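Assemble chain B onto chain A, guided by the hints.
Chains as they are written, first to last, in our numbering: chain A, 49 to 357; chain B, 882 to 1177.
None of these hints come from the bench; they were simulated from the model. All of these numbers come straight from a predicted model, not from anything done at the bench. We treat Cβ as the ideally placed atom computed from N, Cα and C, and that holds for glycine. Treat the hints loosely; a few may be bogus.
[Stated by the list, open to error] With beta-carbon atoms standing in for the labels, derived distance ranges:
1. I884(B) x E72(A): 48 to 58 Å
2. I322(A) x D1064(B): 45 to 55 Å
3. S273(A) x S1018(B): 40 to 50 Å
4. G355(A) x P1171(B): 39 to 49 Å
5. L187(A) x G1004(B): 36 to 46 Å
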Amino acid sequence: MRFWIGAAVVAAALVAMAALVSYEYFFFAGYTVLMFVVLATAWNILGGYAGYVNFGTPAFFGLGAYSAAVLYKATAAPLIVQIALAALMAGMLGFGAGLLTLRLRGIFFAIATIAVTVIMQTVFINWRYAGGATGLQLLRPPTIAPFDSYIKMLFIVMGVSAIASVAIARYIERSWLGRGLRAIRDSEEAAEASGVPTLRLKLIACTISGALMGVAGAPMPMYLSFIEPASTFNLNYAVGALASPMIGGTAHWLGPVIGAVLLSSLQQIITVTISSEINVLLVGALLVVFIVVAPDGILGLARRIFGKR
Amino acid sequence: MGIPLDLLLEAVLFGILLGGFYAAVSMGLSVSFGLLDVPNVAHPAIMVSGSYCTYFVVGRFGLDPIVAGVALTPLFFLLGMAVYRFYYEVFEKRGGRETGVRGIAFFFGLALIIEVGLILAFGVDQRMVEAPYIGKSLVLVNDIRIPMRTLVAFGAAIVLTVALTLYMSKTFTGRAIKAVAQDEPALRLMGANPVRIKQWAFGIATATSVLAGAMLIIVGPVEPGMDRDYIGRTFAVVVLAGLGSMTGTVAAGLILGISESIVLIHPSLGASWAPAVSFILLLVILGVRPQGLFGR
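Chain A extracted, bound-state conformation (with noise of 0.2 Å):
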């Protein structure tokens, strides 16, 4: 009930924001925030509970991205059917890299992730109706009703899907899907002996954790009215993602949104202030020191200091 509570009250202050910042900017930065809640919750489904490092991010997130754009050029169909498609073709990507290398030890999964990334974009390149190298200009749709600006009604939809990812992420913790993942990730042999059914549960998690990051990615090109195979399918999403709940801590559902929202934001600023290889720096390092003193992110050290268990 708490959490709800907590749900609700988030929605109303982006609401809120909607209605009384008028500053576009903030809404440019705040969208790009609430997108690395998506995403780091998303990884987190996998890579968190299940122990599965998932570099992959970019390849579901741009899959995400190009669906939308491809449905909007042939029928410019509204934005949650874009979504709606984008959560579609991400997750059906997730099951089909998930059937193909979840069998196999945890770094192969990984390496396999790079893999599906380089071969989405080079299929992106190569295809013309989706703009080939090039990209593809797309023209917004006119901004509907209760918003002022097509960015804001951006904006509040990335923050109801990062509230309902947040709740999915919580969700899964909490029933027997997350005990069957963390009992994975504690010894994978001792859960296979236990009679969790380890491979389906993978499935399960790389599947929704790969339609989040649809999702995630669904609204961009609407956001730049552009999008072009280079930048969609970077490797620094992948960065953010899965430093976001390394940062935050990857046990709790809360961890990858402090993560996100942290780095999401400094990194707004630090790109705007001095420049964006120091930003990629400075991700590398908090990645590496945060493995190495505090294991468990941010939640960690805070239940380290207040004693809680």
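Just chain B, lined up with the frame of chain A:
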């Protein structure tokens, strides 16, 4: 296929040269990941940093790039030992839950730091080295031209591969490294210290990566982000080879080199598909035969 025969022949020849180079580049990873089971996704980044060190030494002292690479091996050997020691103390020793996840993420973070460090130190522009053989080419019959730089890199690759293979099978330490990969508890019972052997092996793996880096900058210009292409190539070669098999690494390198150069000249595929070749190969092996060609 619709490719003229002489063009295909040229592609295969070029692919063999490229493949020898890929095998040499993957040798270090074949030891660190294949034998020692360290998820070293930073291997290509270390190699690219080796290219830049070579570039620096060549520019400063006017050495031949290969000589510069050899001169840098002790430094990279020590660096590799330090990295492994750190990895062991922080991850392997503690063991247990999530070691795998954190180990992979650690090397991923390390790769990022190296990449950005290179950008900050040298900029994003491409860098290359000068040597008498760079820019010349060898003309064979039928007007087939082979760039000398590829030939030199191929020669160095062969020497490196043969040396490493002999080292692993003939010397005491080499056999100890293979033993630690096969059965670590048994080695411990024999009174040997597996951590010291692994540390030594990781040092050797890292030392070969600076040689690979020197070859990389001979073959063509390098840029800091290049390690991303080589993640696919090196891991594809190591997995296709069967983890830790030296003979397999050569065979797998050749398969990758030839496939890439055929895709490159194929009329309907071409250069835009070339980066995906290694990754498609990797996915196919993982799906069909995860133990690789010469798997243990």
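Tested hints:
1. I884(B) x E72(A): 48 to 58 Å: 54 Å, holds
2. I322(A) x D1064(B): 45 to 55 Å: With Cβ atoms ~51 Å apart, the hint holds.
3. S273(A) x S1018(B): 40 to 50 Å: Holds: the Cβ-Cβ distance is about 47 Å, inside 40 to 50 Å.
4. G355(A) x P1171(B): 39 to 49 Å: 45 Å, holds
5. L187(A) x G1004(B): 36 to 46 Å: 37 Å, holds
In summary, this structure violates none of the numbered hints.
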